[in-house]
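Going line by line, the protein sequences match chains A and B. Just so you know, the first sequence maps onto residues 0 to 384 in numbering that gives the first Met the number 0. Just so you know, the second sequence maps onto residues 0 to 302 in numbering that gives the first Met the number 0.
I should point out that these hints are in silico values taken from the structure, not numbers from a laboratory.
Derived, one-sided and incomplete: chain A residues facing chain B with beta-carbon distance under 7 angstroms:
id	residue
1	Leu95
2	Ser114
3	Leu115
4	Asp116
5	Ile131
6	Ala132
7	Val133
8	Leu134
9	Asp193
10	Ile237
Even for Gly, the Cβ is constructed at its ideal location relative to N, Cα and C.
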Amino acid sequence: MNAFHLAFAYLRFNWIRSLVLVLVTALILAVPIISQVLLNGSRAALTDRADATPLVLGSRGSQLDLVMNALYFSEDRAEPVTMAVTDTVWNTGLGLPIPMNTAFETNGSRIIGTSLDYFDFRGLEVADGRGIAVLGEAVLGADVAARLALGPGDTVVSSPENLFDLDGVYPLELNVVGVFAPTGTPDDEAVFVDIKTSWVISGIGHGHDGVMATGAEGEDIVAAASILEFNRITDENIDSFHFHGDPASYPVSAIILVPSDERAGTILRGRYLDPENPVQVIVPKDVVGDLVDRIFRIKTLLDAVSLIIGTAALAAIGLAIFLSYRLRAREMQTAFKLGARRGMIVRLLAAETFILLSIAGVISLGIVLAVQSRGDTIVAWLLAT
Amino acid sequence: MNLFNPNRRAMSLLLLSIATAPFAGPALAQDRAVIATVNYPLAYFAERLVGDTADVLFPVPAGVDPSFWRPGIVEISAMQAADVIAFNGAGFATWTTKVSLSRSRIVDTSAGFSDHYISTETITHSHGEDGAHSHTGTANYFWLDFSLAARQAETLAAGLIRRMPDAEASITLNLEALTNDLAALDASAKDLNALVAGAAAISSHPRYQYFGRAYGLDITPMEWDANEAVTEEQWKNLEAVVAETGAKLFIWEATPAPEARARIKDMGLVDIVFPPLSNRPASGDFLNGMITSVEQVKKIILE
Chain A
0 MNAFHLAFAY
10 LRFNWIRSLV
20 LVLVTALILA
30 VPIISQVLLN
40 GSRAALTDRA
50 DATPLVLGSR
60 GSQLDLVMNA
70 LYFSEDRAEP
80 VTMAVTDTVW
90 NTGLGLPIPM
100 NTAFETNGSR
110 IIGTSLDYFD
120 FRGLEVADGR
130 GIAVLGEAVL
140 GADVAARLAL
150 GPGDTVVSSP
160 ENLFDLDGVY
170 PLELNVVGVF
180 APTGTPDDEA
190 VFVDIKTSWV
200 ISGIGHGHDG
210 VMATGAEGED
220 IVAAASILEF
230 NRITDENIDS
240 FHFHGDPASY
250 PVSAIILVPS
260 DERAGTILRG
270 RYLDPENPVQ
280 VIVPKDVVGD
290 LVDRIFRIKT
300 LLDAVSLIIG
310 TAALAAIGLA
320 IFLSYRLRAR
330 EMQTAFKLGA
340 RRGMIVRLLA
350 AETFILLSIA
360 GVISLGIVLA
370 VQSRGDTIVA
380 WLLAT
Chain B
0 MNLFNPNRRA
10 MSLLLLSIAT
20 APFAGPALAQ
30 DRAVIATVNY
40 PLAYFAERLV
50 GDTADVLFPV
60 PAGVDPSFWR
70 PGIVEISAMQ
80 AADVIAFNGA
90 GFATWTTKVS
100 LSRSRIVDTS
110 AGFSDHYIST
120 ETITHSHGED
130 GAHSHTGTAN
140 YFWLDFSLAA
150 RQAETLAAGL
160 IRRMPDAEAS
170 ITLNLEALTN
180 DLAALDASAK
190 DLNALVAGAA
200 AISSHPRYQY
210 FGRAYGLDIT
220 PMEWDANEAV
230 TEEQWKNLEA
240 VVAETGAKLF
250 IWEATPAPEA
260 RARIKDMGLV
270 DIVFPPLSNR
280 PASGDFLNGM
290 ITSVEQVKKI
300 ILE
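The shape of chain A in the complex, shown without the other chains:
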């Protein structure tokens, strides 16, 4: 007991050195466990979501981009297809197409324009407020709402599609009407709107004051360049919102397909096998399976690297402790002359080491638990970026 008391007094007296040793040790212990936790979390998040999504339809090109965008709302996305593709699938009667327009962001979260079918499909439930009902309304994922401290009655503003789109569409102020219950999936990090609202953001639909018939001939109405387009959809101006062009030509980033049954799924896949077809159907499970395999091949390498670095770091700590003992040779000599036996001195050093490692262990455990408790969010963020 005396040894621990003296060891603790010594560590407190040399608190800077003790703190550095504790933190370095805690990190060395925590990092491999954290990487393990996050990798396992990523694997689970990737495979669970992919398993729950039967088919994804989108533009032919990178299958990985298409899946990552449609399932995990990543920034990289394939070229959009059109609503005509959605209608084609629907008209076959072979399954339910759920269109998704993921082109826009707000406050660092992706805006997902989709139909109400998506919420049924993912089992999303409104925890606060209500679901989207009209144009211009948004429901926030749980993490977005918590991060931005927003709820029903607040607003969020859409960001331009890219920074260089200086003369592009006006940002649209979205009315937050609800917040979804947390799901531990990328849905928590997204802002959901009706797909028609996403087309308003892209400028396909808009509302404005009455146009002036300046120099109009016949039924042509020419509006002044100064005409004001509304950047928020309200009860007063919603009637003025309208869309231009053929609805079948409106853009869709990806379409989640829910086949009626296994046979319908096979038929649907078969219809998009032709490499000349600009549209492809992919099975997310297969694409993500390949990705996970690659990640875990890399993980083996990472484990080896972590082991080497960890061993080197532990050796460095051991060396630091050994050198500190050497530096304390005179101090130990004094203790010996005061009557402390060699065993007592060894016990003192062992107690110091035990206390340092214990504190480092507790801190590393705390770090691991903290990461684990936010693991879903961190994994969702890692997958989306």
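Starting from the structure of chain A, add chain B where the hints point.
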């Protein structure tokens, strides 16, 4: 409560849908399916098709034009909870483009005959330097061509069967009876073709494009609101149209003021009230209403 009062019945259904929505979860979990419709003809077809096996929701209040009615959040929630939402298509009910509904529940009853649409006036406008673009209108009172009405009923029946496969047998049987009724009505209206093929007529509002095309009437529409007094400018326009077309028949979409009818008579026109029934009539139903209107037109022409 008189459940046969159409408006009360619709309101009871709406309130029931809203009251049960929070507990029902997905609409399919409800005991009785709900079919929401955007106009009365589709509500009538749905009622005929499902009989007592499901509830039909048509929340547009009496006296309101369903084309321009705007639902509140309560009505939208009820629509969202419905198992099937029957659209008329071609831009009918503008609210449908501004409301969030499940694609899987929507049945566009006119999508199958879009090549039969009648285009109306086109408005072209531009926003500043962006260049001009056009809004092409489409006439959308399809059900006044009773063969198209039958096709709408068939599409609705297919949509109902898709969502309610257990009711396939009864829906198929009811569809046969409904399409037979519509075919008989169509055959009766086609008599007009033989009687007055290409004859000119004038309507108080642009509602009768499909009726005119199907049954041989060349109908020129005015832009009158039957609930408002006709202005002198509108009377002058009518005189010009009468002089230009030589029309003898004037069709009101709703009963006008007696003075307006008298003035029409003074102009040498014979007028009839032919409600297009986009909203539920105070009495009778779609089939009876249409039979009455068609018979009226035939009677006047024969006279």
